[in-house]
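**Q** Here is how the chains run, residue by residue.
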Amino acid sequence: MTSCILRILAIVLSIVTTPWVLSAPQPVNQVEVKRSGFLYNRQTDTFDTIVTVRNTSTVPLAAPMKLVLESVKPVSVSLYNIYGKTALGKPYVEVPLPGFVLDPGKSATVPVRFVNLGKTVTAATFSVQAERLDPDATARLEIVARMNAENGGNTVGSGFAVKLDGVTRATTDAQGRARVVTPLGVSEITVSSPPNYYGAAQVIGLTAGETRNVDVELGDSGEFGAESMLRMDRLQHLMLPRNIPLVVLRFFQYEKIVASDLVELVELRDPAGGPPMDITGLFTIRSDGSLAANSTAFFAAIGNLNGKKLLFAQVLDKQGVPHLREIPFYVSQRTVLGKVSAPPSNPGLPLGGIPIQVSVLNTDIAFETESAVDGTFPLPLLPSGILLIKAETTSGGIYYTGRGTAVISGNVRVDLKMRGPTDVTNNVPPITTSPL
Amino acid sequence: MKTLVSMLATIVATSIGQAHASIIQFDISGLDSIGPDVLFAIDFIDGDGPSNTVNVSNINTDGTAGPVTLFGGASGTVGGYLLEDTVFYTRLLLKYSNATQLSLRFDTTNNAPMHGMFADMLSLYLLNVSSGLPAIFTDEPLGTNALMSWTASGLNRGDLLVYGPMSPIQVTWSSAYHYDSNPIPEPSALPLLAIGLIGLLATKSLRKER
Chain A
0 MTSCILRILA IVLSIVTTPW VLSAPQPVNQ VEVKRSGFLY NRQTDTFDTI
50 VTVRNTSTVP LAAPMKLVLE SVKPVSVSLY NIYGKTALGK PYVEVPLPGF
100 VLDPGKSATV PVRFVNLGKT VTAATFSVQA ERLDPDATAR LEIVARMNAE
150 NGGNTVGSGF AVKLDGVTRA TTDAQGRARV VTPLGVSEIT VSSPPNYYGA
200 AQVIGLTAGE TRNVDVELGD SGEFGAESML RMDRLQHLML PRNIPLVVLR
250 FFQYEKIVAS DLVELVELRD PAGGPPMDIT GLFTIRSDGS LAANSTAFFA
300 AIGNLNGKKL LFAQVLDKQG VPHLREIPFY VSQRTVLGKV SAPPSNPGLP
350 LGGIPIQVSV LNTDIAFETE SAVDGTFPLP LLPSGILLIK AETTSGGIYY
400 TGRGTAVISG NVRVDLKMRG PTDVTNNVPP ITTSPL
Chain B
0 MKTLVSMLAT IVATSIGQAH ASIIQFDISG LDSIGPDVLF AIDFIDGDGP
50 SNTVNVSNIN TDGTAGPVTL FGGASGTVGG YLLEDTVFYT RLLLKYSNAT
100 QLSLRFDTTN NAPMHGMFAD MLSLYLLNVS SGLPAIFTDE PLGTNALMSW
150 TASGLNRGDL LVYGPMSPIQ VTWSSAYHYD SNPIPEPSAL PLLAIGLIGL
200 LATKSLRKER
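Chains as they are written, first to last, in numbering that gives the first Met the number 0: chain A, 0 to 435; chain B, 0 to 209.
Please keep in mind that the hints were generated in silico from the structure rather than gathered at the bench. Glycine is no exception: its CB is placed at the ideal position from the N, C-alpha and C atoms. Careful: at least some of the hints might be erroneous.
[To be verified] Footprint (simulated), chain A over chain B, 3 or more residues, beta carbon under 8 Å:
1) 23 to 33
2) 43 to 49
3) 122 to 132
4) 170 to 176
[Said to hold, decoys possible] Stretch-level coverage of chain A by chain B, calculated; a stretch enters the list once three of its residues show a Cβ under 8 Å from a Cβ in chain B:
5) 45 to 52
6) 276 to 287
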C-alpha cells in the first residue's frame, strides 16, 4: 500500500515540477517538444498551433531541423504546411533555427497547421530530426565570398546565403565572411543572393577539429528567387474550393509571411505546355503582405475548371528581393456525401472509426478521412473526375473491404459497401451513387 | 506514515493557488470604421484534457444586437453565454449593427492540459460580415488575426495575449485580467488528488489503531 502511494506521489511530484513539459524528450535527438493550444485560422481553414523544440543535448543541432508528425488522431488530420515526408513516409515541417543552429539549452518555434475535414484534432505526437554537430566529427569552415572580376572583385556584403551541400547554414556578414561548423562529409559550399549572384566551391578531406579557409567567387548566374514557399489560402489536398470569396496567395520564408511590395507577375500555366495566361491585374497587395484576387474574376479567367492548373507568382518583397514560385491546384466544386454501409452478410457491422482512403484518378489528389458511427464520412468539395474510395475493417475475425469508383460530374451521394467474402461471392455491388 | 502524510499536505499547501479561475475583460472601440455591421467570433478549442469552461457575460455595446450563432459546446442567451469544451471546436458568433464600441467579460476555469496534450484555448476575432474572414489583420504570430487569446495553462491565471494591428487602423482594443476583490481560489486536480490520498491514509491509520 505504502509503496503504491509512494509511486503515485512520485508521479504527482514529477507532474508538479515539470508542468510545461508536454512531451517527453525524444530519446534519439534529445529534445523536448512543447505545443500551444489551437487557434482556428479562417483564412486557411486550419487549426494552428505553435510547437517549441528545445535542445536538451550537449551538442548543437544543425539545420534543417525537421519536426516530424509521428502520429495524429483522427487519421483524417493532415499537415497543411508540410515540407515533405521522411524516408518512413511521415510528414514534416522544417523548424526555422536562429543562426541555422540550435545550441544546447536553446529553443526554436514553428507553426504547425492541421487540416481536418471533421474539424477535430484529439492527439498528435512529434519527433525531431536534425544533424548533431559533435565536436569529434566536425570541422570549422572560414568562408570568404567575393565577386568575380567582372563584378568588381570585392567581397560581398551581408545577408548572402551560405549553403553546405544545398542546406542553408549561415549568412555572410558585412565583410562577406561566414563561419560554419560542419560535419566532415560536406563537399560543396555555395554562396548566393537573389536575384542573380551565385558561386560555389568544393571541399574534400575535412578532418575532425580542422579549421579550413574557403574562398567562394560569385558571378551572375541568371535570375532566381529567394528560398520561400508559395501557399494559397484554403488550398487543401491540392484542391481550391470554388465557393471561396477571395483567392489569396502568400509567400512564406522560414515560416514567416513575406510582405510583398510589388506584384511582378501572376500567371496561369498550362501543365500540358500551352501558352500561359497573365492574370497579374487581378491581384492586389493587402496590408498583411498577401496577394488577393476576387474569386469570381479568378475563376472566370481560368475558364475550364476541370483538370490540373498551375499558378505562378513573382513578387518583390519590401527589401527588393524577388520571390517566384509555382503552385499546382485543382478547382473543387462538387459536393459529395460519403457513407460506408454494412453488408448483407453482417448488417450489424460497426461502422464508426473506419479509415477511408480517397483519391481522384489521374490526379495528384489523395487524402484520408474517417467514418462516424453512422458510417458517414466528411469530404471536402471535390473536382469533377473519377473518385476512388477504399476502406477496410475487421469484425469477428472477418475482413470487410470497401473499394469502388464513382464518376463525379455533379453533386452526389456515394455509398460504399463494406463487403465480406460472402458478399463478394454474392456479387453485392461495391459502391452506389445517387444525385443529391 | 507521518512523513508521507506530511509530504501530501505540503503538496496541497503549495498547489493551492496554481490554478485559478480567471476573469478577463475585453474592450474594443472604433467599430464604426469597419462598417455598419460587425461580427465577433469567440473560439474555444479543446486540447483534450481536464475540462474547462468559459462564461461570456457583461456584454455592453452601443450597437444593436443581431443574430447569435452557437456552434459546438456553446449555449446561452442574450444575457450571457457558456462555452464548454465538450467538443473540439466551440464557436460563438455575435453580430451587432451600428456599434462603435463593445465590452465583455470572460470567466474561465483554468485546468492544465494532460501530459502530452494540447491546452484549451480561447480566442476572439472581428470578422467581415459578408465573407466571414477576419476584418482586421493583427500581429498574432500564427496569422489567424486573433485580437486576443487565452490559454488554460493551469498555472496562475492562464496565459493571456493581446495582439496589435498590422497597420494603423481606427479600431483599438485591449484585454486584461480583472481582479476580483474577493477571489475564491479554485483547487486544481493535483491538490484534490493529494487530499484524497490523505483521506485514504488517515482511514487506514484509524483502522490500524482500532
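**Q** For each hint given before, does the structure comply? Return the numbers of the non-compliant ones in rising order.
**A** 1, 4
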